[in-house]
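Protein chains in written order, with this note's numbering: chain L, 5 to 304; chain A, 5 to 304; chain E, 5 to 304; chain D, 5 to 304; chain B, 5 to 304.
Bear in mind the hints are in silico, worked out from the structure with no lab data behind them. Bear in mind the structure is a predicted one, so any value in this text is a computation, not a measurement. Take these hints with a grain of salt, some might be off.
[Claimed, not checked] Capping the alpha-carbon separation at 30 Å, the derived lysine-lysine pairs in DSSO-like fashion look like this:
(1) B:K21 with B:K300
(2) E:K21 with E:K300
(3) D:K300 with D:K131
(4) A:K300 with A:K131
(5) E:K131 with A:K131
(6) B:K300 with D:K131
(7) E:K131 with D:K131
(8) L:K300 with L:K131
(9) B:K300 with B:K131
(10) A:K21 with L:K131
(11) E:K300 with E:K131
(12) L:K300 with L:K21
(13) A:K300 with A:K21
(14) L:K300 with B:K300
(15) D:K300 with D:K21
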Amino acid sequence: MILKRKLSWGPIIGEVKLPLLFTVLVSFASYWAYHRLELRGFSIQTAPLTILGAGLSIFLAFRNNAAYDRWWEARALWGGIVNRSRTLSRQVVSMFRSAEFETDPLARRIVFYQIAYAHALRTHLRKQDPISEIRNRVGDEIADEVRGSPNVPVALLLRIGELVERARREERCDSIQQSIIETNLVELTDLQGGCERIANTPLPPQYDTFPRVIVMFFCFLLPLGFVEAAGWKTVLVAPLVAMLFLVLEAIGRDIESPFGNTINDTPMTALSTTIEIELRHAIGDPNAPDPIQPTKGYLM
Amino acid sequence: MILKRKLSWGPIIGEVKLPLLFTVLVSFASYWAYHRLELRGFSIQTAPLTILGAGLSIFLAFRNNAAYDRWWEARALWGGIVNRSRTLSRQVVSMFRSAEFETDPLARRIVFYQIAYAHALRTHLRKQDPISEIRNRVGDEIADEVRGSPNVPVALLLRIGELVERARREERCDSIQQSIIETNLVELTDLQGGCERIANTPLPPQYDTFPRVIVMFFCFLLPLGFVEAAGWKTVLVAPLVAMLFLVLEAIGRDIESPFGNTINDTPMTALSTTIEIELRHAIGDPNAPDPIQPTKGYLM
Amino acid sequence: MILKRKLSWGPIIGEVKLPLLFTVLVSFASYWAYHRLELRGFSIQTAPLTILGAGLSIFLAFRNNAAYDRWWEARALWGGIVNRSRTLSRQVVSMFRSAEFETDPLARRIVFYQIAYAHALRTHLRKQDPISEIRNRVGDEIADEVRGSPNVPVALLLRIGELVERARREERCDSIQQSIIETNLVELTDLQGGCERIANTPLPPQYDTFPRVIVMFFCFLLPLGFVEAAGWKTVLVAPLVAMLFLVLEAIGRDIESPFGNTINDTPMTALSTTIEIELRHAIGDPNAPDPIQPTKGYLM
Amino acid sequence: MILKRKLSWGPIIGEVKLPLLFTVLVSFASYWAYHRLELRGFSIQTAPLTILGAGLSIFLAFRNNAAYDRWWEARALWGGIVNRSRTLSRQVVSMFRSAEFETDPLARRIVFYQIAYAHALRTHLRKQDPISEIRNRVGDEIADEVRGSPNVPVALLLRIGELVERARREERCDSIQQSIIETNLVELTDLQGGCERIANTPLPPQYDTFPRVIVMFFCFLLPLGFVEAAGWKTVLVAPLVAMLFLVLEAIGRDIESPFGNTINDTPMTALSTTIEIELRHAIGDPNAPDPIQPTKGYLM
Amino acid sequence: MILKRKLSWGPIIGEVKLPLLFTVLVSFASYWAYHRLELRGFSIQTAPLTILGAGLSIFLAFRNNAAYDRWWEARALWGGIVNRSRTLSRQVVSMFRSAEFETDPLARRIVFYQIAYAHALRTHLRKQDPISEIRNRVGDEIADEVRGSPNVPVALLLRIGELVERARREERCDSIQQSIIETNLVELTDLQGGCERIANTPLPPQYDTFPRVIVMFFCFLLPLGFVEAAGWKTVLVAPLVAMLFLVLEAIGRDIESPFGNTINDTPMTALSTTIEIELRHAIGDPNAPDPIQPTKGYLM
């Protein structure tokens, strides 16, 4: 996630600089050929450009809208994971505690498993190895057990569910309270499934490669359409129009896959660390990590 | 679902290549007639094209938006089916197990029925025969029982509900736990109904055949409007503008019926296999199938 | 609902044929007056048409979007009624049955009441008489009781709720199971209320009559704007542009009131028959009706 | 709410008639000055009008979309209040009744309180005095008690909640049934809060006053841009384009505050009367009022 | 939040006055150079402006839409906090009270904690110190306990959950009633998480700085494009068009960060005071503060 509000030109320009440079060169060549060499056959009228411009604007707006919805939904899903981690730990801490001011050991264990879950989900979505992240939270035995699972975070939720059932059997809570706590596991399964849906289902590629190609053609045609009337100013005007469309095309692509590990993506490292800090605090554990700080304005 | 990001030109061009070729031919004929044969009566001005282009862009954006919403909702519904399959099996496994580390036989049976449900829903939505898919998961007796049902997946949910009720009567779980588990069956019924709604309710055909016809006329008129000023460049410019509109028209149609069995549709085979793999793992069954791999970049 | 994908031109053209013919006549008259009689004072420039065209496209897109949302929400609401009918019957059948393979008589009665509810809601929304539809499902006594009710479907839900309460008192189910089943009645009340909201609240008439009038003026002006440059081709080009806007105007209107009894509306007859077939099957009743088949491609 | 589909020109034209007249006058003056007095310096080209027109259309579409969403959400919230009133009364009637065919007196009282709630919410949202509306439904004592409350409808919900708790203590229902009934009070609180949010949070005024001013300038410039080429037809064309934009501006404003007491607003009087009729019928009370009939096509 | 409907020009013009003045100066300079000094080389044609104008309109509409959705969601989230505060206090007051007309002391304490929660959340979102706001509502002991918490509002919810559990243990309510009350804490956690999501996740900066820069260039080019045909009227027309785009750019930015403490933001001070007034009234506490009044038409 990009936090800084001022310095973001670098990455944007970086993505569009080659086609932009290309447009500048075509503009200059068009000017030279038309007004110096008096070769005029390549110039075109502006009506096709107007029609293409309107069509492209609307298409890119639609594509960017879909990409933005994915980006925002991804953030909302991880927000939900933070919320449900808080609720789960709050409930086991307040309901299980045997004596008034002492956290139940089973509740403690559930909280650690939930911390492990957050880290496991982050690494799972980034196609990294979750086991090293969870070993020191759940112990070697459980880490080895879930290692072979087709879906490590789901396996951890099963372990949490078993601990809650055990708490009910040991009468640390009753069936009703179990049903309250269990709701969080249902919701976490849904939130994880939502993340997997976004991570595994790219936008239809037609919405991705096709506009890029049309925008390239459009940038090539712009100087040919402006050169007759704009003269040397073609070199200024055509790249400006081109930049609007190139950037529109680029910023949709930047945010359409929000579970990568790039500066535009959901800051899962920061969010899972927030979960760890708050949950350790809730059970009075002093070994909380420090919050993740933005590096050069980017939060990962 | 299309996974590869690079090679998708084939299918797109395939759909629009005939009208595109037609536009190229009209462009060439227009150029020849106007500039070589000096027949000028057929040329038109560009103002009608500008008005048509703006109107068509907005119409197609609306249609594509509706189609995309259907496509994404379909994927979300199947994501929900994955989530609820996980939750149902997690709950029966953790709550029913009599001894600490042994899965209850009734829970095992429910998990197999749920695997059968996923395959039955996939075949039901694709208008295929579900019975052969479910026979080796639920046994011949149940397979024969549900064969005559007007809706096989619904009949399977009824069988699962009966097993849960039986577990309550045999005191493997209590009423509260039954109510927790039952919620999944309610939700699965809703998700299935959502899939059937999308599969059985096409977009109003006005949004489908009408834009195609107008786009065809538009492609025919483009060269007639550009030929006077663009000369031989008509052959380049008119097809480019035509391609934007033809592809816009095509990609909405590609995704508007997401429960077919084409490369643009929800990968139900892969998703129901994922369900089978994860659920078999959860009950320690070793006979899980392999995950479905994309073939040439397409996942079905 | 229109199922056929090919033959829908009839109804669309039917709606717009008069204004389209009018545009053709004005086009022809304009051409004759301008180019034959050399009366030129009535011709206008195209800039006002471009501005009007852009404004109208965007307005109609917004109106059609709102109409489509109503149409799709209506279908989703009825989908929800199918889902909840399935869930209600599944739950009473699996939970109430006294012996293992025999449906409880009270469950049977609830299922018949629910079938009656679906038919009553359909006729209620179409402003038809529901009593004849429900008499043979609930018996004369109940039919006469609910006849005087201000809202017959609501009165049926009250009867179903009373039967569920009776089942609890007779210990066919416990309070928890009652609460599970009761949820369906709450949801059905909400779904019915959603249908009534759409049926009783038309789009603000400003979104309806106003665009029609502006489109008519626009169609009249198109030939006047094109005639100078387009000559005899005005007769082709002006009606084509006019058709785009006339159809855009018409198709929003077609779908904005989805609970009528026309070919564009929610197929409530088919859906309530589906409910009857599936629910009768669930209780082993052999008297299920046949599914409603599309007539000439239309499903009502 | 406006029910009639035909006669709505009066109010629309009423709102825009002054600026429309102004445009007609400017058009006439422009024509006279340019073509009769041959003063030509004030005429402008049409390109700025095209750019302004496109920008304004899109801005107004966005504003009208937001206004429509508020209007439709307001209607849905009141629909929800109708639904929950039905459900609450259905549940207390079916669950509390001591003897089989006789309504429990506490259930009766809750139903009357709920009727009072609907009227109190209506008057609360319209900034009218709710006490006179509720006195004859809840009795003088309660009316006097809630009079000093900072939020009368919320105070009524508290009274209903207390009656439900009393029913549980008097064993007319158990805890589970109380939890079923209580859900309605939670939902009614949310629905009321949604209404208050819309009533108390106007659209950002930038979306309101700003477009009006720009539209006025636009209407003034239209004749200046058209007069050179359109001659006397300026008097027809400029007002037509102006009318499209003036009406677009007006109809968003009409519906953006849906809890006033104007013809475009949510018909709260009719809806709260519907609640009263249905709820009185459910408890067999004969003193139901008559339904509110539309007056001249308007339902309040 | 801005309540007044009339006087809002000041802040809007304030934001755009520098670039607007710049446009006026460029317009005047262009006019002077072109028509007085007869320097004509800098003038450009209008086609690039038309294409840029359409592209920018659509881009700004998309950006403003996203910003508006954030603004409205923020308001809805705080509306939800008001609703859940009402429901929580209503439930503990009606369910816990031991004698018929006397509020239970534990219920009283929960209500005060909830008041503190609302103030703590407001200050938390505005990055202010919450402790001073909550000390006189929860007492010094609790205030000191939660001071070191990484998230003060979450720590307060844990305290409320513990009080509810204590009430259950002291048999002031049963498990079922606890589960009803607990739902509010779950929902408040979700609502708070939603607020934090909006507060901590700015719009992607590409949607923010990029359109501003393009609009600036656009404003600079407008006079250059209009000057040839518009003459001295450039000084009127170019700034008008510029103003439309400058204001469109500004009003999105105004509302995109709704949890600041500016006139366009969610009035959290007013809403948390409303919560305090209503909740104190519900427990009969006379020390309610006065409602926050708008100052000069702004509510904070």
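These are the hints, each one checked on the structure:
1. Our distance criterion of 30 Å between C-alpha atoms is met by B:K21 and B:K300, whose separation comes to about 22 Å.
2. Of the pairs offered as hints, the one joining E:K21 and E:K300 holds, with about 22 Å between alpha carbons and a cut-off of 30 Å not exceeded.
3. Between the alpha carbons of D:K300 and D:K131 the distance comes to roughly 25 Å, so the proposed pair stays at or under 30 Å and holds.
4. Note on A:K300 and A:K131: the hinted pairing holds, with a Cα-Cα distance of about 25 Å set against a maximum of 30 Å.
5. Note on E:K131 and A:K131: the hinted pairing is violated, with a Cα-Cα distance of about 35 Å set against a maximum of 30 Å.
6. Under the criterion of a C-alpha separation no larger than 30 Å, the hint pairing B:K300 with D:K131 is consistent with the structure, at around 22 Å.
7. Distance check on the hinted pair: E:K131 and D:K131 sit about 35 Å apart at the alpha-carbon level, beyond 30 Å; violated.
8. Using a Cα cut-off of 30 Å, the hinted pair L:K300 and L:K131 holds, with the two alpha carbons roughly 25 Å apart.
9. Our distance criterion of 30 Å between C-alpha atoms is met by B:K300 and B:K131, whose separation comes to about 25 Å.
10. Proposed proximity of A:K21 and L:K131 is contradicted: the alpha carbons are some 39 Å apart, above 30 Å.
11. A distance of roughly 25 Å separates the Cα atoms of E:K300 and E:K131; the hinted pair therefore holds under the 30 Å criterion.
12. Proposed proximity of L:K300 and L:K21 is supported: the alpha carbons are some 22 Å apart, at most 30 Å.
13. Taking the CA atoms of A:K300 and A:K21, the gap is near 22 Å; set against the 30 Å cutoff, the hint holds.
14. For the given pair, L:K300 sits about 40 Å from B:K300 by alpha-carbon distance, which is inconsistent with the 30 Å threshold.
15. Of the pairs offered as hints, the one joining D:K300 and D:K21 holds, with about 22 Å between alpha carbons and a cut-off of 30 Å not exceeded.
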